[in-house]
Amino acid sequence: MSDTSESTDDAGEDEGGDADAPVVDAEEVRHVAELARVRLADDEVETFAAQFGDILDYFAALDEVPETEREEELVNVMRPDEVESGLTQAEALSNAEETEDGYFVGPKVS
Amino acid sequence: MAADYNAFITEATIKGDAEGPLAGTTVAVKDNISTEGVRTTCGSEMLADYVPPYSATVVDRLTDAGATVVGKANMDEFGMGTTTETSAFGPTRNPADPERVPGGSSGGSAAAVAAGEADLALGSDTGGSVRCPAAFCGVVGIKPTYGLVSRYGLVAYANSLEQIGPIAGTVEEAAAALDVIAGPDPNDGTTRDLADVEGADPDASYAAAADGDVDGLTVGIPTELFEGADERVVETVEAAIADLEARGAETTEISLPSVEHAVQAYYVIAMAEASSNLARFDGVRYGNRADSDGNWNESFAETREEGFGAEVKRRILLGTYALSAGYHDKYYEKAQDARAWVRRDFEDAFADVDVIASPTMPVLPFELGESLDDPLRMYLADANTTPVNLANLPAISVPAGEADGLPVGLQLVGPKFGEETVIRAASAVEDAS
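Chains as they are written, first to last, in my numbering: chain A, 1 to 110; chain B, 111 to 543.
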């Protein structure tokens, strides 16, 4: 737990231009939130900007990780293509906020 | 109920078969594991009214074995937390000390067992979420090898890391539950048939492995997982390891240099997978939808603003950031390198030792509210549990004793599909205490 102090100090004291510490500003948080389709309140943007600075500063230590050969033991898992029973249409629609004639109804496109 | 620890989000009964190895036992099921006809909220406002039309494979296996589900256990929202305080349904209290957190994210599961509200519980462990609450509540929790237990019906947070695992009052009871839920499932292509795994025993009985026989067992002690841990935790864990030695186990110091980067790698990978997985919550097919006049994108953004709590938003955003152009190589690629390095470190270690022992959690249970405003502090508490998920290995947390009246967990990690070995070693710790 003690190794938090280093990262917290960096990001907390120097919002401006420490080249080593990734500083995240409100604009960047808003941009990522838009990419992720999550609306944020203004105070949430401010809080996240400060917290992301600390967290990304801590993640930056991944720079020290050597390039490592990755031996993935992955194989394809195949099965015969046979028809099985699945959910009924009514079951599949049962949790939707809005449906019409057996379809999901989404928000307007534009 | 004598005291309300808020262990359950929904109390509901799903009756088990009259006969079977678990006949007559009660089980609490973490609320991110689907139960047909019983709402499954993931601890989130987003899914407050979601009622799955099917049950997870593990739930069917438990009820077929005679266990009766008594409720859906409280949890950190979508499994994202180490304290069960990020639940939209309020925090769970630790039965060992109601002013403290039960750990997380499967805090309701562990608290239900510790308080005697269920004989068994299911949790899910993405970075320690079964072992942490087991340690904090003074019960036993098993994180199985990746691929041993089906994830069909588990609402995904970070697929490449998570496994469903049992929590119980004793090692043997947890192992008996694992016997029931383990095994290949055609609905989860990542499950393995032990008959196809070299060196694994397809007829293994995990419950029978809880025989306390550690004579000749070699226990590796990784210095990295003791450094920085609370002194009181270290003392308690060392005393439990001394008990193992007294029963014939040999200990040897080992080094796992890669684990210094495990928490960073774990969070980058878990957040990246979460940002993709949780994109499904758009308010159209299931989940709550915001009352919005906006277009498709605006409606989604408002739905997700309303439905998700702060920690979930934080992880979706950081995951999106870590995968975005310009940062992908810096964070995600390096995290995958770290994951491969951790895996190799463990493989090298298991050439010389049978199990690896450490504190499960480097700290004693937090007081309620203590870590909620400091996410990084909460993440760092996962230092000893996350390496196991990165390496896809089996691990168990078993009570090692108490420090200042609070439970301390000992973590035992085994080689891939070496569940019997960690169960055997844990049962010896239990016998000694």
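No lab work stands behind these hints, which were simulated from the structure alone. All C-beta atoms in this analysis are idealised placements derived from N, C-alpha and C, irrespective of residue type, glycine included. Some hints could be false.
For each label pair, taking beta carbons as the anchor points, the in silico distance ranges come out as [unchecked claim]:
hint	chain 1	residue 1	chain 2	residue 2	range
1	B	Thr280	A	Arg70	49 to 55 Å
2	A	Ala92	B	Lys125	25 to 31 Å
3	B	Arg342	A	Arg70	35 to 41 Å
4	A	Val45	B	Ala128	40 to 46 Å
5	B	Pro312	A	Arg70	15 to 21 Å
6	A	Ala92	B	Glu129	54 to 60 Å
7	A	Ala50	B	Glu209	45 to 51 Å
With the C-beta cut set under 8 Å, the calculated list includes, among others, these residues of chain A facing chain B [unchecked claim]:
hint	residue
8	Val45
9	Ala49
10	Val65
11	Val83
12	Ser85
13	Gly102
14	Tyr103
Consistency of the hints with the structure:
no. : hint                            : in the structure
1   : B/Thr280 to A/Arg70: 49 to 55 Å : violated (39 Å)
2   : A/Ala92 to B/Lys125: 25 to 31 Å : holds (26 Å)
3   : B/Arg342 to A/Arg70: 35 to 41 Å : holds (39 Å)
4   : A/Val45 to B/Ala128: 40 to 46 Å : violated (56 Å)
5   : B/Pro312 to A/Arg70: 15 to 21 Å : violated (28 Å)
6   : A/Ala92 to B/Glu129: 54 to 60 Å : violated (34 Å)
7   : A/Ala50 to B/Glu209: 45 to 51 Å : violated (28 Å)
8   : Val45                           : violated (10 Å)
9   : Ala49                           : violated (11 Å)
10  : Val65                           : holds (5 Å)
11  : Val83                           : violated (14 Å)
12  : Ser85                           : violated (11 Å)
13  : Gly102                          : violated (13 Å)
14  : Tyr103                          : violated (11 Å)
Against the hints set out earlier in the document, violations occur for numbers 1, 4, 5, 6, 7, 8, 9, 11, 12, 13, 14.
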